[in-house]
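Novice: Here are the chains, one letter per residue:
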Amino acid sequence: MEIDRVDGRTANQLRPLACSRNILNRAHGSASWSQGDTKVLAAVYGPKVGTKKNENPEKACIEVIWKPKTGQIGKPEKEYEMIVKRTLQSICVLTINPNTTTSVIVQVVNDDGSLLPCAINAACAALVDAGIPLKHLAVAICCCLADSGCVLLDPTKLEEQKTKAFAYLVFPNLTLSILPEGSLKVEGEPVEQAIITSVTQGAMSVDDYLHCLERGRAASAKMSAFLRRSLPPQNPSDSSRAG
Amino acid sequence: MGLPDASGDLSSEVEVDAFRRLFPLRFYERHLSESIRPDGRPLGRARDTTIALGAVASADGSALAKIGSTTMLAAIKMEVMTPSMESPDEGCLAIDFHMPPICSPIVRPGRPAEAAPVVSKQLSDTISSSGMVDLKELSLVSGKAAWMAYLDIYCLDADGALFDAALLSAVSALSHLQFPVVSLNEDGRVVVVSEEDGGKPEKEPVNREKRKLTLKSIPFSLTCILHKNYILADPTAEEESIMETLVTVVLDSSSQLISLYKPGGPVLANTSVIQVSFSPLKHTL
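Same order as they appear, the protein sequences are chains A and B.
Residue numbering for the first sequence is 1 to 243, as defined by our numbering.
Residue numbering for the second sequence is 1001 to 1285, as defined by our numbering.
No wet-lab data here; the hints were simulated from the structure.
Ideal placement from N, C-alpha and C gives every residue a C-beta, glycine not left out.
Each hint should be verified, as a subset may be incorrect.
[What the hints assert, rightly or not] Heads up, simulated DSBU-like pairs for lysine-lysine below, C-alpha to C-alpha not over 35 angstroms straight-line:
(1) A:K48 to B:K1136
(2) B:K1121 to A:K39
(3) B:K1136 to A:K164
(4) B:K1121 to A:K135
(5) B:K1136 to A:K78
[Stated by the list, open to error] If the Cβ cut is set under 10 angstroms, some of the chain B residues that face chain A in the computed set are:
(6) S1033
(7) P1109
(8) G1110
(9) E1114
(10) A1115
(11) K1121
(12) D1134
(13) S1254
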């Protein structure tokens, strides 16, 4: 079961995580998230008045702008924008500020694999920093399926290219606030067992996918704990930033 | 308006069409609780699907796929190119998905639809991960000439489940694809022999026997909507706009999972839901 990874990690070991928030002065909320050499910066502006065209004005609208490290945005970036947008929409309480738009700008600083999960984590931390009402946090992770059938967590770019399949998974974080009895469970499973987003690439068997889910879920618990630790309650005197 | 029983009372008084427009979600939930959908389908049934091969005479391979009223036209144009240095024995397959303004009221002329690049990327990911097309088969002369296949998919009518219909039309067009005959000319370059030349080409064609692509494993996809505890297979555009959580599952003919695509959405999928969403697809395979 042991597998050698280029950087000497075990299959379940994540790269060192780092998160800092409130790093941009003008943004309403900002955060940077890095996993090893992959680093993403996210800024949140809003809620601003009005929704974009074709959006429901009875709900808050979320707009995601993806900025690659270099060059123009292409099809993959458009897809990432859509995935991040849908993921954030699912964790935000959209009914609180109807007819407003919140812009989330995702700037890739360095891409060394697991880029999309890293961006989702950064965007989530930035939303918290901006004080946007959220139902719960989201934790994203990339699981890679090696040729031997092993699941490697948090792969680097090299590992992503070498392996036959990988899955980006986003799990909800444990809700700590008080909720009515029973609402924490979805059909008998606790809510943190469910998935918000799943994107896969490469062929794998259904069992392998379920195996990925299980491993990803276990690792997401650790990342949730880290995310929570790095987002201490904001003190009220911190509201000096203006848009 | 916000009270649930207020609308319950209304539903018996207002006309059905008005109720459908004013409270679309409640309209659907009333149907779902009776295990039926407004178009008369049970929850798990997909719409009728038709495929017509060879819809475009000028293309080397083409297909028109319809799922309900969602219509996709796929066509392949082959060109001879010089392969890249990194992969001298491989051809190239370029996939593009277009949503012209004809397909939906959401798409405006001049401004590309937001969904188009996403579906396009999903299609090329799916076709490359399924390994359906062996790019080596697109090679003509190693290091000298290879096929460049341009696969273009046009959405003529966007009524939900766009990816399913696009993939179906793309796969059908690839199965219909027939390579044009090519031969070497005097300069040693590979050129396409036009069939009107009068039967007798001066040079021996390079690819006389190999005219079809062998498709290894064929991917099939099914999009489902998750809403509360209901799973609706093959949604229409109206259903997609009202209930937002979509899951697309792609399996290939050897039951390998090619893609499980769930881009967010208010409903969370747990393991049992995922397993359930596999089953109707397996049934159709």
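Novice: Are the hints correct? Go through all of them and say.
Specialist: Structure-based check of all given hints:
1. Note on A:K48 and B:K1136: the hinted pairing is violated, with a Cα-Cα distance of about 52 angstroms set against a maximum of 35 angstroms.
2. A C-alpha spacing of about 24 angstroms is found between B:K1121 and A:K39, which places the hinted pair at or below 35 angstroms, so the restraint holds.
3. In summary, the hint linking B:K1136 to A:K164 is supported, as the alpha carbons are separated by about 19 angstroms, within the 35 angstroms threshold.
4. Our distance criterion of 35 angstroms between C-alpha atoms is met by B:K1121 and A:K135, whose separation comes to about 30 angstroms.
5. The hinted pair formed by B:K1136 and A:K78 meets the criterion: a straight-line CA distance of about 30 angstroms does not exceed 35 angstroms.
6. A hinted interface residue such as B:S1033 counts as satisfied when its beta carbon comes closer than 10 angstroms to some beta carbon of chain A; here the least separation is about 17 angstroms, so the hint is violated.
7. For the restraint placing B:P1109 at the interface with chain A, the shortest Cβ-Cβ distance is roughly 14 angstroms, beyond the 10 angstroms limit, so the hint is violated.
8. Taking 10 angstroms as the C-beta contact cut-off toward chain A, the hint placing B:G1110 at the interface is violated, the least distance being around 14 angstroms.
9. Interface restraint check: B:E1114 against chain A, minimum CB-CB distance 7 angstroms, threshold 10 angstroms, status holds.
10. Taking 10 angstroms as the C-beta contact cut-off toward chain A, the hint placing B:A1115 at the interface holds, the least distance being around 8 angstroms.
11. A cut of 10 angstroms between beta carbons decides the hint on B:K1121: the least distance to chain A is about 4 angstroms, and the hint holds.
12. The interface hint given for B:D1134 is violated, since its Cβ lies 14 angstroms from the closest Cβ of chain A, which is over the 10 angstroms cut-off.
13. At its closest, the beta carbon of B:S1254 sits 9 angstroms from a beta carbon of chain A; the interface hint therefore holds under the 10 angstroms criterion.
In this structure, the hints that do not hold are numbers 1, 6, 7, 8 and 12, in rising order.
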